[in-house]
Structures are given as structure tokens and as C-alpha cells.
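Enquirer: Please model the complete structure; the sequences and the hints are all you need to start from.
Line by line, the protein sequences give chains A and B. Numbered per the numbering used here, the first sequence spans residues 1 to 310. Numbered per the numbering used here, the second sequence spans residues 1001 to 1221.
If you are wondering where the hints come from, they were derived from the structure by calculation, not from laboratory data. In this text, all values refer to a predicted model and were calculated from it rather than measured experimentally. Hints may contain errors.
Below, a list of computed lysine to aspartate or glutamate pairs in the EDC-like style, where the Cα atoms sit at most 16 angstroms apart [as the list claims (entries may be wrong)]: (1) Lys38/A to Asp1132/B; (2) Lys39/A to Asp1160/B; (3) Lys38/A to Glu1124/B; (4) Lys6/A to Glu1124/B; (5) Lys30/A to Asp1164/B.
Here are a few chain B residues that face chain A, going by a calculated C-beta distance under 10 angstroms [said to hold, decoys possible]: (6) Ile1059; (7) Asp1113; (8) Tyr1117; (9) Arg1118; (10) Arg1122; (11) Asn1123; (12) Ile1127; (13) Thr1131; (14) Asp1164; (15) Phe1165; (16) Glu1169.
If you want the footprint, here are the derived chain A segments under chain B, 3+ residues with CB under 8 angstroms [said to hold, decoys possible]: (17) 19-26; (18) 31-41; (19) 298-304.
Glycine included, C-beta positions come from ideal geometry on N, C-alpha and C.
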Amino acid sequence: MSLSTKHLLGIRDLTKEDISLFLQTAEQFKEVLQRPVKKVPSLRDVTIVNLFFENSTRTRISFELAEKRLSADTINFTASGSSVSKGETLLDTVNNILSMKVDMVVMRHRASGAPHFLAKHIPAAIVNAGDGINEHPTQALLDALSIKESTGKLEGSRIAIIGDIMHSRVAQSNIYLLKKMGAEVTVCGPPTLIPKYISEALGVNVSYNLKETLEWCDVANVLRIQLERQNQVLFSSLREYNLTYGISRKLLDDLHKEIVIMHPGPINRGVELDSDVADSKQSIILQQVENGVAVRMAVLYLLSNRPSGN
Amino acid sequence: MLAYSTCSAEKRNNFLPDIEKRQSLTAFSALLYLFAVPLLFLQKFLHLKLILTGPQLAITIKRLAHQVLENNIGLENTVLIGLQPRGIYLSDQVVAEIKRELPADKVKYGKLDITFYRDDVRNEIRIANHTDIPFSIEGKKVVLIDDVLYTGRTIRAALDALLDFGRPEKVELCVLIDRRFSRQFPIQPDYTGKSIDSIISQKVRVFWKQKDGKEEVVILD
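Expert: Right under this line is the structure:
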């Protein structure tokens, strides 16, 4: 058994077997996290640097916890307060850190493709923790694990991804993963926030009708409006967005079945999700966060593998 | 074997005319290959030594179960933990035997996977199995159950893993096959199905009905 890749740059490069291996290992790490001592010595001799060139709460804490639960040594780096503001290039920054004997790099960057660029130039294993509007592979893996837990399977499941599809790396990674694992995907949102040829390119259904989409799906993954990435006006107002594409209690109660609500966070309450929906028992938002640590442990554990001990 | 035959063929050739020589050489080597190839193939199996047959294995497992019971009357403060993946086939059967003597609710039985605790964990990708210990081991006497005790490294890792679940009063070790003289750590079993003296190049395989379709223990060279 082995992975087809040395880095985790995106779900796009993974095979179905890779994804299954990540998920299967994550399930075992979930059990580790229930133990009185939630720590295993597997990565005792590995040093990992977390490079965050963009803001993050969940992902950064989740990665750091995962590293600590695996007994790895960690260093944290945030762009603000570093030499990046003095004009150092990305490659120089990373090479300087690596020369201090660091084995793995976890990186979030606002530029799409930044980890792919790095992978061509440095020997360390790279885990993409989100790059621009491209991919966020560990989020897709933890979403898949959460879907698997709540519906029992991925193959044949009906997943709706609702909201700002255009600017969402979470949406892209989720679509790649779910399609590879044989799930059905519908993206739903205002036409201005859905890429024009997404249906042909990624094989998903497109819908502009929220009610129909919710009626169709088993799981709804709701995304945040990424105002910081939009440099033009794509819809009239947040209030209007909430009225057309926001998920309210009443909307869910009117459906003929009970669906599962997911959200990768951070939530803008009252925009894409109303508070009473986000906190209801239908929502598995906090289970997603919990699964995040197990999934990231699995990713780091499997990528740290060094054949013949060199 | 092959070297010898080529040599003898050459010797014979000196006494034969040219054409006949060539023909007989071809015929001879063809004949030789016909026998030699399957023979080489069979060799693999000829060096297979049966240590325990199916019926013997069943009796041994029964004995191990009774020995565990003998030392832990009624399993009052004792729990049983099988090691994933192959130790489980043994521990399942030992627990089944014990349940014939004791009511099922007296028997506390868990499964432990030690993949993340191995000292060679990152030399290759190892797939972890499920750990399931649905009770506290704090202050309990733990009987670890595994199929083959060889270098002792698995048990070393198992002890590390076990201590993450609490502080047991005592840990005992029950194994089906003890490959004594091959140990790399100071670890000894408390209950042994059979001790065997084997060298490092040999392999001991335990076959289980649920996994391999037959039940026996063999040594392979």
C-alpha cells in the first residue's frame, strides 16, 4: 500500500485509493483522540513548519494540534511580523527555514498555486492548507469523513454545495473529491457566483433554486461569501443574499426530509446560515472541526513516510 | 544440479558423432529442464515444516485459555487484550474458550492496534487497524494475546500503547508460538502455546481458518 504522491497539493492529483487510505487512517486517529492520552509517538523525529501567509483560525490550530498529537516538533510562522514585509521572496523564506532542518511544510497562501511552485523547488514534503481560490485538500478530506459518518457512505450520496462557488477553494476540493468517490454533486448560488462552465469542467449539476436543491440533497455544504476576494459587485446586498440563498429554519422545516447541514467556517450568521440552523442538531459543523484534527493527523502521518529510513 | 548435468552432457558428447551429438544434447537438456524446473519449484514447499496441525492447535488454544483462567480465577480483576491484526484470531478463540467456563459478562475483551507506536513506523506505509478497548484498564491485570513472539519489538510497542489507556496493575503475555533465542528485547511470555528454536532466516506462519481457510503452524526456510 502506498500513496501516489509525495505532497498533498490538491485533491485533483490524488487517486481514489489515496483518498480511501487517508480516510481509513483518519478513522483510526479519531479513536486515538478518544483515549486518555491523546498522543502517539509516530512522528517523534519530524519537524514541521506551519507557514500561514493568510489569516486562519481553525486550520492553523487544527494542524498544530494534529502535529502535537503525533509528537512532531512544530514551528509557527505568520506573514505579519516576519521578513516577508521586508521584501523577502517566498522561496528565500522557505529555504531559510528548511536550512534549519525542517522536514515538512504546511502552507496557506493567498496566491493560487503557491504550494505547487514550492514543490518544484524544495525537497521537503508540502501540505497545502489552502491556496487562493484553488484548493483546500484537508478541508475536503474532513468534509468527506463527516459526510461518511453522517450518511454512512460517499458513493451515491447527494451533496449540495451552496454559496460563493466562484471564490471557494473548499468548493473546488470538495467537488474533485466527491466526484472521484462517486457522489453526486449540485452547486447552487446566484449565477454571478458560479463559474460559467463548471458543469462541463467538473461534472456537477448547477442550480439557481435553493429550495429545489435542498429537496434533492442528503447533505448541504454551505459556504461563506468571500467578500475579501471579490473585487467587483456580484450581488446587490448581503440582506438580499440572505433572503434568496440564506438557509433559514423555516426553509428546512418545509422540506420533506431531514438533511445534514455542513459549513467549513467561519460562519457569517444571518447571511448564508441563520443562527438557529447553525446551532441545530441537523448541523454537524462542530463534528467537522473535530474530524479536522484526525484527518490532518492521517495526512501528516502518511506523508511523513520515508522508505528505507533515509 | 544444473552445473553437474551440463558437465556430464559434455563428457558424453566426446563419444558421439557430430549430428547425433547435437541432437542428443538438445533432447537431454530438454529432458533435464522438464525435471529440474518443477523440482526447483517444489523445493520451496519441501522445506516447509509442520509444527502444529489443526487439531493440535485447537488443543493448544484450549490449554492456553485454561492456563489464563488458572492464574486469574474468575477473571475478577483481569482483562484480555488481543493485538491487531493477526493476534486477534488467537485471542478470539481463547476468549471463546474462556466464555465456556465463565458467564460472558465476566469476560472483558479488547483489541489493540500498535501501528502508531512501532519503532519502524515510517519505513513503509503501514495500515492501522481498529483499536477497541471499551473499558478502563486502570489498576487491572492485563493479559496481552498475540500469535507469534519473535524479536519482542511488537510487544514493546504494545506496552507503550497500553500505558496510554491507563496504569495497569500488571501485564502478562500469552503467545501461541514463542521463537525463543530470537529476542531483541528482554521480553518473555507468561503463557506459551509452543516454543520453537528457529533461525532468523526462517519464517513462522500461523494460518487461521477465518483468514487463510486452514488452521496450522508451519516453519518456512
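Enquirer: State for each hint whether it applies.
Expert: Each hint tested on the structure:
no. : hint                 : verdict
1   : Lys38/A to Asp1132/B : 15 angstroms, holds
2   : Lys39/A to Asp1160/B : 11 angstroms, holds
3   : Lys38/A to Glu1124/B : 23 angstroms, violated
4   : Lys6/A to Glu1124/B  : 13 angstroms, holds
5   : Lys30/A to Asp1164/B : 15 angstroms, holds
6   : Ile1059              : 35 angstroms, violated
7   : Asp1113              : 7 angstroms, holds
8   : Tyr1117              : 6 angstroms, holds
9   : Arg1118              : 8 angstroms, holds
10  : Arg1122              : 5 angstroms, holds
11  : Asn1123              : 5 angstroms, holds
12  : Ile1127              : 6 angstroms, holds
13  : Thr1131              : 5 angstroms, holds
14  : Asp1164              : 4 angstroms, holds
15  : Phe1165              : 6 angstroms, holds
16  : Glu1169              : 16 angstroms, violated
17  : 19-26                : holds (count 3)
18  : 31-41                : holds (count 8)
19  : 298-304              : holds (count 3)
Of the numbered hints given earlier, the model fails hints 3, 6, 16; all others are met.
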